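Enquirer: Given the structure of chain A, go ahead and fit chain B onto it with the hints provided.
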Amino acid sequence: MGRYVVRRLLVSIPTLIVISFVIYAILALAPIDPLSQFGADPRIPPEARENIRRALGLDQPWPIRYVKWMTAMFTGNFGVSFMSHSPVSELIKQRLPNTLAVVGVAELVGIAIGIPIGMISAIKRYSIFDHVGTTFAFMGFSVPTFFTGLLLIILFGIKLRWFPFIYDSTLQIHDLNSLTQQIRQSIMPITVLGLFNVATIARYVRAEMLEHLPLDYVRTARGKGLRERFVVLRHVLRNSLIPVVTLVALGIPAVFAGAIVTEQVFRVPGIGDLLVNSIGTGDIPVVATVVFIFAVLVVLFNLVADLLYAVLDPRIRYT
Amino acid sequence: MATTTNVRVGVLPVSNAVRPPRSLWGDAWYQFRRHKLAMAGLGVLLLLVLGTLVGPFVYRTPINVIDFKVAIEGPSPDHLFGTDDLGRDLLARALWGGRVSIAVGLTAVLIAITLGTTIGSLAGYFNKLDNPLMRFTDLFLSLPILPLLLVIIYLFRDTLRAAFGPELGVFIMIVTVIGVLQWMPVARLVRAQFLSLKQKEFVEAARAIGAADRRIIFRHILPNVLSPVLVAATIGVGGAILTESTLSFLGLGFPPDVPTWGRLLYDAQNYIDVAPHWAIFPGLLIFLTVLSINYIGDGLRDALDPRKSA
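These protein sequences, in sequence, are chains A and B. All residue numbers for the first sequence refer to my numbering, where the first residue is 1 and numbers rise by one. All residue numbers for the second sequence refer to my numbering, where the first residue is 320 and numbers rise by one.
The shape of chain A in the complex, shown without the other chains (with noise of 0.2 Å):
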């Protein structure tokens, strides 16, 4: 195990600095000026700019700044924002646990809830709950997040007004009314987002599930007599798990770019928000930052993945 988890770190990071060669590259090769924003300043004369550009090193060809980008990433050093003159590793440092919270209560969501639907409805296919489960998991993948958060403000943020549909950034958790309050502002944000990883899940489970039932080795399971709880969690859902962990690990970058659109539709203040701003703005230091921080978590996202799968398959330990 301990060998598996080596080599998959190990594989992990030349990912990772293909990924960020790819980003800085399109940046890099862009038709745009990073310094657009100084360039439409008329005050500012040609000279001026010179020394500007000269001083962030944009004079050097994009492969060197590549590389020392690069480097100061790995001392932690991300730059300053164009924009707000702080450094980028502070903005990313306010705002990611927001986003992390939101992304990782609602896979947790997904989980605790899809699971049992999908297998309650592979076990009694054709039943009502399957029907209705089934039809559930259809609609919440083929409706566009931005659209289930309008709903949701319109219908409990609006008319019923039992929560707020504006996420307050400004909120500190110091006693237990202001927690409730952020429990409550975060409600509808992980709903989002949770309804979409239970659909999906709920779908993989159940035609994983379904694929399983008919094999040899259940039954055998219950011809030794083990009794159907048994039979259905210890050896047909571990089983069926196995695949699903993959597909969920290769819908990983959608559930992010759910939280980007989340993040906007609540105005909750996380890297997604963050990275549609700078867009806005022109903020090319915090743009790039943000991208490659997204690709981190996708990757980091998709090794917690391959460490559930040799937990779920000791084949995969061993080989």
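Since the hints were made in silico from the structure, they are not lab data. Quick caveat: nothing in here was measured; it's all calculated off a predicted structure. Beta carbons are placed, not taken as given, at the ideal position from N, Cα and C, and that holds for glycine. Don't take every hint at face value.
Which chain A residues stay away from chain B? Per the calculated CB distances, all over 12 Å, these [as the list claims (entries may be wrong)]:
| id | residue |
| --- | --- |
| 1 | Pro-97 |
| 2 | Phe-129 |
| 3 | Thr-145 |
| 4 | Lys-159 |
| 5 | Thr-170 |
| 6 | Asn-177 |
| 7 | Gly-225 |
| 8 | Ala-257 |
| 9 | Gly-282 |
Within a straight-line C-alpha distance of at most 30 Å, the following computed DSBU-like cross-link-like pairs (lysine-lysine) qualify [what the hints assert, rightly or not]:
| id | chain 1 | residue 1 | chain 2 | residue 2 |
| --- | --- | --- | --- | --- |
| 10 | A | Lys-124 | A | Lys-224 |
| 11 | A | Lys-159 | B | Lys-519 |
| 12 | B | Lys-517 | B | Lys-447 |
| 13 | B | Lys-355 | A | Lys-124 |
| 14 | B | Lys-519 | B | Lys-447 |
| 15 | A | Lys-93 | A | Lys-124 |
Expert: Same frame as chain A, but now just chain B:
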């Protein structure tokens, strides 16, 4: 077969012996028709496509007439979907925008399928290419797609707009970027099929009579890969429509004068408390389109699966 049936005519009653032969696609259609939800999806989708194609000719309210007297009004006999903040008719805009949304979905998937099938075939057929191409695919699979899409669109939008005009430029860009970032599942699928099919006897036979690689790939293996690719393509159209509307919703899709469904929602979100209808109708259209497409994909999967059509 026909002659043997005729010989037996004397023995068996004719009506029993003759079952009209069904082609592969005829059989698939027969199976597909039994999937009620897929048929419902097909009906709804046809209705939506027809509506967006013919609708603007029948429902002749212009999409860009500004009339502040009727700004932000809910659905009424004059404006079935209501109006936006400038008093423009939302049904007309939604019909027009649907064209763009559906066209983006179809074209992007065409690009994704072409790329995916090419890379998947090469990786699956030529052993030497397999490892490098699959590493390449894995790399693409771990890219953060939406952030990259946003950045690419932001960076290249103005250049393309200048080169091809505001609407065509954005169309080309969005379609290409979505296509280029969505081919990976297709490539994996095609590769897996190629790996198993190239071991089969009929491929061996083709090689034995001296067929070139090109001929084996195009004539013998690819036609057998068609049905899973078709299913993937169908579901991909839904995904591409969702991606386009997401981009437009984030304000990085089409310009404001091209009212795609996502763009309508983007404009609507600031008025959501006074004009919920503005968001609900385009949102429902996206939802219905994608839902129908997914059900059709599900039906196709069942219909084209030889294990089920026994």
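Enquirer: Look at each hint and say if it fits the structure.
Expert: Results for each hint:
Non-interface call for Pro-97/A relative to chain B: holds, since the shortest CB-CB distance, roughly 18 Å, exceeds 12 Å. With a cut of 12 Å on Cβ distances, Phe-129/A stays outside the contact zone with chain B, its closest approach being about 17 Å. With a closest Cβ-Cβ approach of about 8 Å to chain B, Thr-145/A is found to fall inside the 12 Å limit, against its non-interface label. Not every Cβ of chain B is farther than 12 Å from the Cβ of Lys-159/A; the closest lies at roughly 9 Å, contradicting the non-interface assignment.
Every C-beta of chain B lies more than 12 Å from that of Thr-170/A, the closest at about 21 Å, which supports listing it as non-interface. The Cβ of Asn-177/A lies farther than 12 Å from every Cβ of chain B, with a closest approach of about 26 Å, so its non-interface assignment holds. Under the 12 Å C-beta cut-off, the non-interface status given to Gly-225/A relative to chain B holds; the minimum distance is some 32 Å. In this structure Ala-257/A is not separated from chain B by more than 12 Å, as the shortest Cβ-Cβ distance comes to only about 4 Å.
At roughly 8 Å from the closest C-beta of chain B, the C-beta of Gly-282/A falls inside 12 Å, breaking its exclusion from the interface. Among the hinted pairs, Lys-124/A with Lys-224/A is consistent with the structure: their alpha-carbon atoms are about 23 Å apart, no more than 30 Å. In summary, the hint linking Lys-159/A to Lys-519/B is not supported, as the alpha carbons are separated by about 62 Å, beyond the 30 Å threshold. Distance restraint check for Lys-517/B and Lys-447/B: the Cα-Cα separation of roughly 15 Å lies within the 30 Å cut-off, and the hinted pair is therefore satisfied.
Of the pairs offered as hints, the one joining Lys-355/B and Lys-124/A holds, with about 20 Å between alpha carbons and a cut-off of 30 Å not exceeded. For the proposed pair Lys-519/B and Lys-447/B, the alpha carbon gap of about 20 Å is at most 30 Å, so the pair holds. The hinted pair formed by Lys-93/A and Lys-124/A fails the criterion: a straight-line CA distance of about 47 Å is larger than 30 Å.
Of the numbered hints stated above, those contradicted by the structure are hints 3, 4, 8, 9, 11 and 15, listed in ascending order.
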